[in-house]
Amino acid sequence: MKELALIAVPWLAAIAAFLWSSERTRPRLLPVAGGLHAVLSLWLLADPPTLSPSAWFGFDPLARAVLPMVSLLFLVCSIYGVAYLKVRAERPNRLFVFALLVLLGCLSLALQAQHLGLLWVAAEAATLMTVPLVHFNGTARAFEASWKYLLVGGTGIALSLLGSFCLGYASLNAGGNGDLTFSALAGQFVHLPVEVAAKSGPWVIAAWVLLLAGYGTKMGLAPMHTWKPDAYGEAPGMVGALLAGGITTMAFIAVLRVKQVVDAAGGGDMTQRTLLAIGLFSMLVAALFLLGTPDFKRMLAYSSVEHMGILAVGAALGGLGVWAALFHVWTNNLTKGSLFLSAGNIRRAANARSQNEVSGMAWRSPLSARIFIAGLFAITACPPFGPFFSELLILRAAFTTGSTFTAVAFLGCLLFAFFGMTRLVFAIVDGRPRAAARATGSRFRETSGVILPPLALLGCSVWLGLATPSWLSESWSAAAKLLFPTP
Amino acid sequence: MTNTLNLFIGLAMGLNLVALASSRLPSMIRAAALQGMVLGILPLLIEHDFQWMVGLVAVGTIAVKGFVIPHLLRRALRAANIDREVKPLIGFVPSLLLGAAAAVGAVALGGALPLLPEHAGSLLVAGSFATVVAGFLLLMGRSKAISQVCGYLILENGIYLFGLLLIRSTPLLVEAGILLDLTVAVFVIGIIMDRIQKEFDTLDTNKLTSLRE
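Order-wise, the sequence lines are chains L and Y. This note's numbering puts the first sequence at residues 1 to 487. This note's numbering puts the second sequence at residues 1 to 213.
Read the hints as simulated data drawn from the structure, not as lab findings. In this text, all values refer to a predicted model and were calculated from it rather than measured experimentally. Where is the CB? At the ideal position from N, CA and C, for every residue including glycine. Honestly, I wouldn't trust all of these hints.
Incomplete in silico selection of chain Y near chain L, CB under 10 Å [unchecked claim]:
#1 Leu116
#2 Ala145
#3 Gly158
#4 Ile189
Which stretches of chain L does chain Y cover? Using the computed rule of at least three CB atoms under 8 Å from a CB of chain Y, they are [stated by the list, open to error]:
#5 19-32
#6 149-158
#7 163-171
#8 191-205
Excised from the complex, chain L in its bound form (with noise of 0.2 Å):
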């Protein structure tokens, strides 16, 4: 029943908010909403409910190792989102408010999913109600984000629609009756006799390219990863901050319910190159452009390209890889947000958003610009922050796993992204505020409304990386087992 509620407080706040009459207090809703998905999903995560195994939708170890982090997230983007919209009062805010309760709901949906149509709704839903949060702003340059995210996006979702099907054959070609639950998927490949395996092992293989490459564009994987700079530079920084820590995660454990019954069909050897290969090829190609953008907000698309790869790489590594990987995903998520909430409050200060036109934010926004510094060194895995502790599990399990070039290369891309992305952000951090920006006069006023929320998350980046929580190791090593049963 609460696993139900998860996506019912949203929707049903959703349509409070469009109904709302007033802009001033309409805001107001999204930390209502959600607070209470996040006291749901901390009560399933301590104690959840039986599933079972036919049903469509359920909060499944998966779910439960990843959506308290979509929850909690969420919350902390609402408040920032209540000051944001008090600054912003110029812009009408009923279809953001909206959207952005929609989306939560739909996120839900697609972790819950349990069945690979329902996924897939849920997962193009979530990506349509993106749409109207990237345009927020209404600028030319919106508009053109918002459409390339669109035509890439939906080429994306339609590939996966595709591969799902493809899988679905496969599943009718092993003799089953139509079920396409992952488990009763994922029970019907184990074991198959040679002959029937032969009608079955192409569309398996067919399945697996059509939905690593859907829902890997949805998750931003190189080199299906260019709507993500467009869309995260011109989106709002909590929008940015949702996009990079919901619609991936919602994709990256798509692919991870899909790699589930490709492996029992006995496609593993084939699922962990893939991984491998197109994660590290993300790590280089992230790395790459991080040396060369000159626009913040762009650089945390690219750095987030590059997390994307490191959770395929992660995946790719057996058991405990995916629990680190898993780990990161907290980890990455959580000190992401802060990063796009402390850059969008850069980005107003300024007004501006390249290394040409921006510098001495120090002194324009001090305290936004310390906690984007704290969260560079936190997202270029700088101890004691937890992504330095995840990417170390990770690179742990390359070596146990005995591959010691993924280890090297890995190492090698994180070193590029450090550098490229200190050289940036200290560009705009140091020297002295620009004649045009200190002439605009009207001071961005850093309010605890913009400050807080960001320094949340990155108090909960540390606090995941000195103390992780032994419940919470837990939901991961639940969540590792369903896809590794034997270590």
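Since chain L is already given, all that's left is putting chain Y on it; use the hints.
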């Protein structure tokens, strides 16, 4: 039965080439709409005994793909007041040749993949792959927003053809959800196109170049 089915799928594959060869937007929209209607009839041919759910899906598909979406696109065309010429990035002859090659390749691939006994000899898989490739060619090879939407529709049509392989086994609820999502997607696309038109005074996506490294 399979012969009638193959006739209709062949028709849909022919419409791919018509869309690839269209040099004016209205004829491309017409090709995509016709293809949608042809596909809408197929579920009725596949099911031997008439079920009301299948009938409902067929009527819904024909209404949405054949009338609602083309109507929205034509309205966008009128409102935007743009010239009707299609601006190809990949020329008409190369795209036709690629489309034809894709059709031949898809038939060969469809013959090589293992099929269930009841689908043996049908062109469903071949038609699906050929249509998906044609959709991709239109998405990448045409620069106006409306022709990209037509490409997206044709891509979705190809996926729908593949979905027909599963119509006996999967619950139609999922297909209804898919149809709904598609409709919403086109609505959203339409709204964004409208805004792009107002903002840039063009629907030529080649002009959308301010975001780049």
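Going down the list of hints, with the structure as the test:
Against a cut-off of 10 Å between C-beta atoms, the interface hint on Y:Leu116 holds, since the closest Cβ of chain L lies about 6 Å away. Hint on Y:Ala145 holds. Least Cβ distance to chain L is approximately 7 Å, under the 10 Å limit. The beta carbon of Y:Gly158 is positioned within 10 Å of a beta carbon in chain L (closest approach about 8 Å), and the interface hint is therefore held. For Y:Ile189, the interface hint holds, since its Cβ comes within 10 Å of a Cβ in chain L; the closest pair sits about 6 Å apart.
For the stretch 19-32 of chain L, the assignment as covered by chain Y is violated, since 0 residues bring a beta-carbon within under 8 Å of that chain's beta-carbons and 3 are needed. Against chain Y, the stretch 149-158 of chain L contributes 5 residues with a C-beta closer than 8 Å to a partner C-beta. That satisfies the three-residue criterion, and the hint holds. For the stretch 163-171 of chain L, the proposed coverage by chain Y is satisfied: 4 residues have a C-beta within less than 8 Å of a C-beta in that chain, meeting the threshold of three. With a cut-off of 8 Å between beta carbons, the stretch 191-205 of chain L has 5 residues touching chain Y; three or more are needed, and the interface restraint holds.
Hint compliance for this structure: hint 5 is the single one not met.
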